[in-house]
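Assemble the whole structure, with the sequences as input and the hints as a guide.
Add 38 to a position in the sequence shown, counting from 1, and you land on the number used in the working numbering.
Take these hints with a grain of salt, some might be off.
Restraint-style ranges between C-beta atoms, simulated for each label pair [unchecked claim]:
no., residue 1, residue 2, range
1, T314, R132, 35 to 41 Å
2, Y324, G278, 25 to 31 Å
3, L261, P318, 55 to 61 Å
Read the hints as simulated data drawn from the structure, not as lab findings.
Cβ atoms here follow ideal geometry from the backbone N, Cα and C, with glycine treated the same way.
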Amino acid sequence: MSRTQVAVLAFEGVSLFHLTTPGMVFGASIAPADFPLYEVRYCAVDPGLICADNGLQVYVPDGLEAMREAGIVIVPGWNNPEAATPPVLIEALRTAHGKGKIIVGLCLGAFVLGDAGLLNGREATTHWIAREAFARRFPSVIFRPDVLYIEDGGIVTSAGSMAAIDCCLNLLRMRHGADVANRMARMLVTPPHRQGGQAQYIEKPVPLLPCQNRLPGVLEWALERISEALTVDMLADVAGMSRRSFTRHFREATGLTVTQWLNAQRLTKAQQLLETTQLPVEHVAYAAGFGTPLSMRQQFALQLGTSPSTYRQTFHNSLPRPQGHRSCHRGEAQPVLARRRANGG
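As structure tokens, this is what we get:
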């Protein structure tokens, strides 16, 4: 089976972290043989030596023609959001989008996609520090400053630096399901989907929690018992706190309420069981801790825009996810939000 190509744009002053993140996520061989493999290529308006943001020189072998052959095109964080995008790059991105390729703008790379007109009428995000400039320059974009990443009509944008990993893992999840994305996350020693949107990072210091040594143990304890009927009082008892103190510290640490966090973990468990087992949907609901099949169906409809049965048909036996949906990850949301736009626009 031929490998899906990923074209990553390079330019003077590019973030070395953003430049290498797609290679870490897509370049590793973590999927079974029946999953397509990825080939990550690096391209530039003018191929050759460039200087990254840390002063390291990087050789870029390909020109923008690499975008024509790629299934996914990734633009790292633009080094200056006020700098004009070269017309030749705008044309290459428009051409790639017109041919149905997935276009990704990491962090300030969203400004490049905005210059190319690819975000008009679509939902998009970028680093919170540039939110005012983004909203001013692209008034026709439905700006979402609260999310870590969002996909709308094949155009994907993400928030600040670390959200690039979240974004790329979500692309794996969209194409191959939660199991593959989770295995890659384990290889990278990172959460498969971070809880909380970028709103929790905006101009606020990281809180020093009195429970910081106990709360991680509580989360592990809950994950080991995710199939059980867990309550806030039970988790507070494990943490040795009052209900009021525990719920406050939990929200500060995760960006979610206890119920939202539990639903997120149960949804992930249900996805994995639907992808990797033949268990009836009713049994999956109980094993994931939803209590009833109806409760699980409600969460799938709310957070994934589909039903458990349809999800299994899509991902069981390694089938790729259909294109054309919209997904995001935010503070009040669960792992993947997918909602279909009416009439495709």
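Problem set entry | Hint numbers contradicted by this structure | Structure breaks hint 3 only.
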